[in-house]
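Given only the sequences and the hints, what does the whole structure look like? Please build it.
2 protein chains.
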Amino acid sequence: MSLFSEKAESLIPYVPGEQPKDGVYIKLNTNENPYPPSPTVIEAIKTAVGDKLRLYPDPECSELKKVYADYMGLSEENIFVGNGSDEVLSIAFQTFFMGKKDVLMPDISYSFYPVYCSLYDVVALEIPLKEDFTIDTSDYIISNNGVIIANPNAPTSVALSRDQIEGIVAANRGRAVIVDEAYVDFGGESAVPLVNRYDNLLVISTLSKSRSLAGLRVGFAVGNKVLIEGMNRVKNSINSYPVDLLAQVGAKAAILDREYFEKTRLDIIKVRDQTTEQLLKMGYDVLPSKANFIFIKNPEKNAEYIFKKLREKKILVRYFKQERISDRLRVSIGTAEEMEAFIKALAEI
Amino acid sequence: MSLFSEKAESLIPYVPGEQPKDGVYIKLNTNENPYPPSPTVIEAIKTAVGDKLRLYPDPECSELKKVYADYMGLSEENIFVGNGSDEVLSIAFQTFFMGKKDVLMPDISYSFYPVYCSLYDVVALEIPLKEDFTIDTSDYIISNNGVIIANPNAPTSVALSRDQIEGIVAANRGRAVIVDEAYVDFGGESAVPLVNRYDNLLVISTLSKSRSLAGLRVGFAVGNKVLIEGMNRVKNSINSYPVDLLAQVGAKAAILDREYFEKTRLDIIKVRDQTTEQLLKMGYDVLPSKANFIFIKNPEKNAEYIFKKLREKKILVRYFKQERISDRLRVSIGTAEEMEAFIKALAEI
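Protein sequences appear in the order of chains A and B. Per the numbering used here, the first sequence starts with residue 6, numbered consecutively. Per the numbering used here, the second sequence starts with residue 6, numbered consecutively.
Calculated directly from the structure, the hints in this document are not laboratory data. Just to be clear, a hint being listed does not mean it is correct.
As the list makes no split between identical chains, a pair holds if one copy fits it or if it spans any two.
Said to hold, decoys possible - Below, simulated DSS-like cross-link-like pairs (lysine-lysine); rule was C-alpha separation at most 27 Å, straight line:
(1) LYS230 x LYS12
(2) LYS57 x LYS268
(3) LYS319 x LYS349
(4) LYS106 x LYS12
(5) LYS302 x LYS318
(6) LYS71 x LYS26
(7) LYS313 x LYS57
(8) LYS275 x LYS57
(9) LYS302 x LYS326
(10) LYS314 x LYS326
(11) LYS230 x LYS26
(12) LYS275 x LYS286
(13) LYS57 x LYS349
(14) LYS57 x LYS319
(15) LYS319 x LYS26
(16) LYS57 x LYS26
(17) LYS51 x LYS26
(18) LYS51 x LYS349
In this text, all values refer to a predicted model and were calculated from it rather than measured experimentally.
Okay, structure coming up:
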């Protein structure tokens with residue numbers, strides 16, 4: 006018998022976008038927010054850094070849950086908190102999908118989903134996106150044991166409406182439908198208002214994108230009390246305190262500063278739409294984005310070639326060597342200045 | 006089919022010690038350090054709180070690994086970093102034990118181990134501690150598929166020597182032997198110096214106890230490069246960034262401040278030994294502790310009764326309703342003043 010478990014021998018892990026350490030790059034590769042976190046977040050964390058770090062943090066994240074529940078118009082028992090939405094997704098896969106087959110997901114979506122399937126013995130039934138990279142909701146009204154959809158989808162940036170999501174949720178009563186809304190604040194319609202009506206809907210969100218807090222690691226799941234209880238059972242069988250004291254404090258402040266959130270997310274939407282317009286003029290194909298990134302295709306040039314050339318010019322974007330999308334690049338929306346530099350670099354290539 | 010996975014239905018999670026929110030208690034119930042973190046930790050985190058929180062943290066924790074490797078006299082490839090030693094343990098169970106039977110562990114040990122067994126389909130072979138709560142190392146020289154031992158053991162506080170640990174590791178070549186050293190800095194002998202000689206030894210440690218950083222969530226595994234690679238494969242299939250930016254920075258500073266670490270840990274050892282002496286005089290049975298807690302038994306009074314009475318007096322300790330140890334209390338070592346208050350309260354009960 007091997008020293009390792011069978012699973013540990015065979016896993017092929019997720020590979021995150023590069024985090025260069027020298028700081029000379031324009032980073033448009035990991036969908037981070039180009040704006041800093043709200044000044045109230047910085048202030049709140051600085052105030053919290055002190056003697057209390059010797060104590061374990063609140064394992065329930067009660068204050069944070071309360072603030073997020075208020076923001077969502079729900080109650081604390083509808084909220085699950087984890088170490089970034091990746092950990093929340095991992096726990097959701099364990100709670101709802103582990104050991105099941107025929108779990109539906111798009112063939113092109115967040116590339117961490119297949120990794121969770123492999124880790125938790127889930128057999129996915131991958132549903133091809135349509136030619137235009139949209140989801141045909143009728144594809145999800147078939148026999149299954151669960152559904153997961155990113156909305157807006159990644160790396161496509163394309164979104165379903167709330168009504169379309171509701172159609173899928175309503176058709177799958179008794180089975181968990183997970184909607185991963187990491188990017189919803191940039192123009193999508195959140196499914197959270199449906200949570201009170203559908204006890205099979207779980208919505209996952211994060212502070213990494215629209216709250217500029219990728220460095221702090223806070224994600225949420227929102228759903229019916231029974232679903233959240235199940236997730237807590239799994240979470241408390243792994244690590245009682247995955248969200249540290251400072252992350253709890255910073256996250257709370259971020260959710261409370263509605264004004265800063267509105268301002269920065271609207272700025273990003275504006276820059277995204279301007280960038281899209283410029284790229285369309287240059288002949289690029291750009292999918293209609295509701296996210297803080299765009300998914301683009303040069304009509305002639307090879308995507309990997311452009312990716313490498315941009316890297317030489319100290320601009321990082323994301324290239325996926327994957328069927329159907331290897332002719333495209335995913336480009337995060339930076340500041341107006343960063344996007345100008347990006348457009349200029351593209352023009353030169 | 007249920008909405009939940011079969012596992013999520015059946016799990017019985019770990020229950021951590023109470024974290025009261027009102028701050029009026031003397032907390033001797035979760036083995037936290039009574040001293041604040043080093044001033045250099047506070048300073049380093051305050052300096053790091055800023056715009057960089059918008060970016061993902063270094064998924065490799067490279068700088069932190071380097072500092073810890075230097076401290077341990079090893080190289081970076083021997084170090085794994087996780088969100089507290091609980092997450093590290095969880096990943097170690099997945100990496101080495103998942104799906105195996107006959108994994109050896111003491112019958113009385115950290116109560117999270119059986120929870121991991123249940124989550125990851127590990128069939129443990131629980132080896133009874135001897136009558137005096139020590140481990141008989143010869144019990145671990147039998148056919149098995151892995152070994153995990155807390156050293157010092159919890160909640161007993163009793164430790165094996167490095168030579169005794171080496172005996173177990175040497176007899177189990179080809180199978181992972183995990184030594185959980187959460188409490189080793191309070192008088193135990195670490196097995197880390199054996200890591201270069203035994204490719205089956207994994208040592209797990211934490212900054213929550215001897216570095217006063219329970220609130221920051223940083224734990225380590227130290228072992229042969231091949232073991233660490235396996236753990237990274239599992240970790241990167243769950244969450245690329247479980248240790249946030251501020252935790253990485255604070256942890257680095259904590260390891261670098263050797264002087265503060267030495268001073269506080271020696272203080273705790275001193276207070277522990279003084280408290281032990283007083284309790285022995287009062288007729289208590291106190292196991293010989295190498296940890297920052299003691300495991301005590303009143304010769305007459307019921308442990309649960311004392312636990313409740315202490316709680317009324319605003320002193321929290323830990324009581325385990327578990328066979329063989331339900332007549333004992335686990336008491337974390339606080340400051341000299343806190344332990345005086347504890348002794349006084351005991352005398353009154």
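Margin query: Treating 27 Å as the Cα threshold, decide for LYS57 and LYS268: within, between, both or neither.
Written below: Cα proximity of LYS57 and LYS268: across copies only (19 Å, versus 33 Å in one copy).
Check: Is it within, between, both, or neither for LYS313 and LYS57, if the alpha carbons may be no more than 27 Å apart?
Finding: between (47 Å within a copy, 26 Å between copies)
Checklist line | Copy assignment of LYS51 with LYS26, given that the CA separation must stay at most 27 Å | finding: both (24 Å within a copy, 20 Å between copies)
Next item on the list: Up to 27 Å between alpha-carbons, please classify LYS51 paired with LYS349: within, between, both or neither.
Entry: neither (39 Å within a copy, 38 Å between copies)
Check: Checking LYS314 and LYS326: alpha-carbon separation at most 27 Å within a copy, between copies, both or neither?
Finding: Classified as within: same-chain Cα gap 16 Å, cross-chain 64 Å, threshold 27 Å.
Notebook entry, point to check: Checking LYS57 and LYS319: alpha-carbon separation at most 27 Å within a copy, between copies, both or neither?
Noted result: Cα proximity of LYS57 and LYS319: across copies only (19 Å, versus 41 Å in one copy).
Check: From the Cα coordinates, with 27 Å as the cut-off, is the pair LYS71 and LYS26 best called within, between, both, or neither?
Finding: Between copies, since 15 Å is at most 27 Å while 36 Å is not.
Notebook entry, point to check: How would you label the pair LYS230, LYS12 (within, between, both, or neither) given a Cα cut-off of 27 Å?
Noted result: between (32 Å within a copy, 19 Å between copies)
Next item on the list: Measure nothing new, just compare the shortest in-copy and cross-copy C-alpha distances for LYS230 and LYS26 to 27 Å and report within, between, both or neither.
Entry: Classified as between: cross-chain Cα gap 23 Å, same-chain 42 Å, threshold 27 Å.
Next item on the list: Can you give me the call for LYS319 and LYS349, within, between, both or neither, at a CA distance of at most 27 Å?
Entry: within (13 Å within a copy, 66 Å between copies)
Item checked: Within, between, both or neither: LYS275, LYS286 at alpha-carbon 27 Å -> The answer is within: 17 Å in one copy meets 27 Å, while 74 Å across copies does not.
Note to self: My question is about LYS302 and LYS326: at a cut-off of 27 Å on alpha-carbon distance, are they close within one copy, between copies, both, or neither?
What the structure shows: within (14 Å within a copy, 63 Å between copies)
Violation of the numbered hints given earlier is confined to hint 18; every other hint is satisfied by the structure.
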